[in-house]
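Trainee: If you read the protein sequences in the order shown, they are chains A and B. If you use the numbering used here, the first sequence corresponds to residues 8 to 414, in order. If you use the numbering used here, the second sequence corresponds to residues 27 to 351, in order.
Bear in mind the hints are in silico, worked out from the structure with no lab data behind them. Errors might be hidden in some of the hints.
[To be verified] Computed spacing ranges between beta-carbons, pair by pair:
| no. | chain 1 | residue 1 | chain 2 | residue 2 | range |
| --- | --- | --- | --- | --- | --- |
| 1 | A | Arg122 | B | Ser328 | 57 to 65 Å |
| 2 | B | Arg348 | A | Asp89 | 26 to 34 Å |
| 3 | A | Lys144 | B | Ala274 | 43 to 51 Å |
| 4 | A | Gly236 | B | Ala274 | 53 to 61 Å |
| 5 | B | Pro167 | A | Asn149 | 55 to 63 Å |
| 6 | A | Ala74 | B | Pro114 | 39 to 47 Å |
| 7 | A | Ser238 | B | Ala274 | 50 to 58 Å |
[What the hints assert, rightly or not] The following residues of chain A were derived to be distant from chain B, with all beta-carbon distances above 12 Å:
| no. | residue |
| --- | --- |
| 8 | Arg122 |
| 9 | Ala125 |
| 10 | Ser146 |
| 11 | Gly147 |
| 12 | Pro148 |
| 13 | Asp156 |
| 14 | Pro175 |
| 15 | Ile203 |
| 16 | Leu261 |
| 17 | Thr291 |
| 18 | Ala335 |
| 19 | Arg342 |
Glycine included, C-beta positions come from ideal geometry on N, C-alpha and C.
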Amino acid sequence: MDATRHPIVIDTAGGEYMESVMVVDWARKPGDPVKMGETIVTVETAKAATEIAAPHDGYLAQILHAAGSEVPVGSILGYVSDRPGMAASSTAGEVAQPQASAAFTRDIPAPRRARAIASPLARRLAAETGIDLAQVKGSGPNGRIKKRDIDKASAILPKPAVLADALPIVFLHGFAADRNIWRWVIPLLRVRNRVITPDLPGHGSALTTPARSIGDLAAAIAATLEAEGISDAHVVGHSLGGATALALAGIGALRIHSLCLLAPAGLGPDINGDFLGGIVGAQTPESLTPWLDMMVGDPCVLPAGFAQAVLWQRRQENSAAVQSRLAAGIFANGRQHEDFSRNLKALRIPAKVLWGRDDRIIPMAHAFTAPGTTAIHLLEKTGHVPHLEYPDIVACLIDELVLSTGR
Amino acid sequence: MAMMRYAEALNAALREEMQADASVFLFGEDIGRYGGVFKVTKGLMEEFGELRVRDTPISEQAMTAMAVTAAMTGTRPVLEIMYADFVPLSLDALINQASIYEYIWNGQVRMPFVLRTQGGGGAGAGAQHSKSLDSMLAHVPGIKVVAPVTPADAKGMLKSAIRDSQPVVFLEHKLLYNTRGEVPEDADFTVPLGKAATRREGRDVSIFATSRMVLEALKAADALEKDGISAEVIDLRSLRPLDVESIATSIARTNHAVVVNEGWNFCGYAAELSATIMDRCFDDLDAPVARVTLPDMPVPYSEPLEMAVLPDAGKIRDAVLRVVK
Chain A
8 MDATRHPIVI DTAGGEYMES VMVVDWARKP GDPVKMGETI VTVETAKAAT
58 EIAAPHDGYL AQILHAAGSE VPVGSILGYV SDRPGMAASS TAGEVAQPQA
108 SAAFTRDIPA PRRARAIASP LARRLAAETG IDLAQVKGSG PNGRIKKRDI
158 DKASAILPKP AVLADALPIV FLHGFAADRN IWRWVIPLLR VRNRVITPDL
208 PGHGSALTTP ARSIGDLAAA IAATLEAEGI SDAHVVGHSL GGATALALAG
258 IGALRIHSLC LLAPAGLGPD INGDFLGGIV GAQTPESLTP WLDMMVGDPC
308 VLPAGFAQAV LWQRRQENSA AVQSRLAAGI FANGRQHEDF SRNLKALRIP
358 AKVLWGRDDR IIPMAHAFTA PGTTAIHLLE KTGHVPHLEY PDIVACLIDE
408 LVLSTGR
Chain B
27 MAMMRYAEAL NAALREEMQA DASVFLFGED IGRYGGVFKV TKGLMEEFGE
77 LRVRDTPISE QAMTAMAVTA AMTGTRPVLE IMYADFVPLS LDALINQASI
127 YEYIWNGQVR MPFVLRTQGG GGAGAGAQHS KSLDSMLAHV PGIKVVAPVT
177 PADAKGMLKS AIRDSQPVVF LEHKLLYNTR GEVPEDADFT VPLGKAATRR
227 EGRDVSIFAT SRMVLEALKA ADALEKDGIS AEVIDLRSLR PLDVESIATS
277 IARTNHAVVV NEGWNFCGYA AELSATIMDR CFDDLDAPVA RVTLPDMPVP
327 YSEPLEMAVL PDAGKIRDAV LRVVK
């Protein structure tokens, strides 16, 4: 009888900072019992030490990277087994693959990995055709990506669409996230329009920009875009970022050519207040994980180590206090206090609203306040973050919207 | 057109140029009465006399210095150095005088002389008679270095070399003298220096070869066809100036390059080709450039050992299979 092996992984979820990590210390020896959530290994990035928790109850079955080794983010550091005595049966020297495939129900593009090995020609062709080398499997010596691999990939991967007079696409993230949440969707876009991913005030790089209302957020984004010299754009907004997009439309400084709203706030009164408090207040992976699970339709889609990475970045930025204050202003008592459905009705541009049928944060029913000219897409087995859960579908729908404008 | 051996084609080129231009004269060891060790100058002393076809004592230094000086006075000497292995004896006149005089005298002096020699292995001639010193000579600016492989090119390029106003080192190969081919008999027929020739077209890989290695590359291409690989074979013909455009054009189509030269690997002519390809064609390359060369060791006298180290069709095929993998 085989015991199930659970990979021990660190992945990025928040930070742009991590490319590789140094294994500092294993808290357990192979064979030792471990409890899910307790620190099993400490790794160090260029900036800080991070504790990685055991992914499962069981026994430390195997250490693939001993203390002192440097490993790419996404590598499997070792395995936890359901049952004792698995250490000996493990494949010694097994090469750690980026992304613990066992932790996914389907492939999500790897957020970061070490530089792809590719021939100069393959690299050039990939750049010309907009293919992400990270998504191509190399068939040459050392796994080198060659021209034939790019040819094969370009037959499968979506063809890039280059618009003559392409406008930038502005992506606005949700509450307690940051610009990095778009990293799964953006590589899958067929359109090659420039993408702009600002951080909302109180988040990421704009942590110290003051904001007390959705109007403040929209004003700050409008100012950022104006400073960039952007007068025309497509806008994609998720949750709080969706409400911000609608508020931005109301300001009128930016000419919006298409609007894609993912589970947006601002279309009705309801919101899960417990979630907002929980997600900002959690300080350990154990306390954060249930809230993250609530955010998605199927917890399996969350990259391994997501909770740790969120917490790691939160500690770096000390963002909890700022975001608690922001939530208190916008979503006090578990209610949405600002309604922008009138802004959506006033728009005369191609617009879509995407909602997960299993959204437990903002109810799907809010989608039906959209006017008849807005396309409504209700995604199955999807929670509150479709761009994380089904980035391919989201990318496809954004493509449709942008292509329909011809710009 | 006439079917000729390589040596006969060279002989025809010398005869035609001597008939056309009274300032062309030959000297070298045993080229007159004996007609040359490889019979390239056979019959020329009888036809043109002892003044224009001179047997010299064994001193490559003196012979080359004589060629430089004679060229400066306006004649067109063609000097034969019996083995490329002896060319190092003539390097002072070649590198310190011939290659720079036009430059340091601001174009008031021309250097229209040809140094014919032959190199390469495969004849059981031992370490002191089998070397390919191509890169040592091609390294020097101000000297042209050519290495024709077909009888037609042997004739056409030797005529061009004699008419050239710069020093030209004309590299022959001891195993080519008896090869046969169609050669134009027209006295105006010449082949320009500095142009490569595509000997076989292919899609999957470009093999760039010099001198006798072109023939080995063609054999390799035949074998590769059975492996399902379509190899293009380019005869570089001119080592300096190098036809970089033809190289780049071919690689743009095949994306894979194998370079073949009978000289040593380290600092060899194949190394120069690889670097040139990297400079010029990097973004067209789908694999690293492979070199097929003589290993860094003397050419053995023993036949089995010599065959084991000399680059040949089998080694070229192996390199191609590695590159297209």
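Trainee: Against each hint, give a clear statement of whether it holds in the structure.
Mentor: Right, here's what the structure says about each hint:
no.: 1; hint: A:Arg122 with B:Ser328: 57 to 65 Å; result: 48 Å, violated
no.: 2; hint: B:Arg348 with A:Asp89: 26 to 34 Å; result: 45 Å, violated
no.: 3; hint: A:Lys144 with B:Ala274: 43 to 51 Å; result: 30 Å, violated
no.: 4; hint: A:Gly236 with B:Ala274: 53 to 61 Å; result: 41 Å, violated
no.: 5; hint: B:Pro167 with A:Asn149: 55 to 63 Å; result: 39 Å, violated
no.: 6; hint: A:Ala74 with B:Pro114: 39 to 47 Å; result: 59 Å, violated
no.: 7; hint: A:Ser238 with B:Ala274: 50 to 58 Å; result: 44 Å, violated
no.: 8; hint: Arg122; result: 17 Å, holds
no.: 9; hint: Ala125; result: 9 Å, violated
no.: 10; hint: Ser146; result: 9 Å, violated
no.: 11; hint: Gly147; result: 6 Å, violated
no.: 12; hint: Pro148; result: 6 Å, violated
no.: 13; hint: Asp156; result: 10 Å, violated
no.: 14; hint: Pro175; result: 28 Å, holds
no.: 15; hint: Ile203; result: 29 Å, holds
no.: 16; hint: Leu261; result: 39 Å, holds
no.: 17; hint: Thr291; result: 50 Å, holds
no.: 18; hint: Ala335; result: 55 Å, holds
no.: 19; hint: Arg342; result: 58 Å, holds
Violated hints, in rising order: 1, 2, 3, 4, 5, 6, 7, 9, 10, 11, 12 and 13; the structure is consistent with all others.
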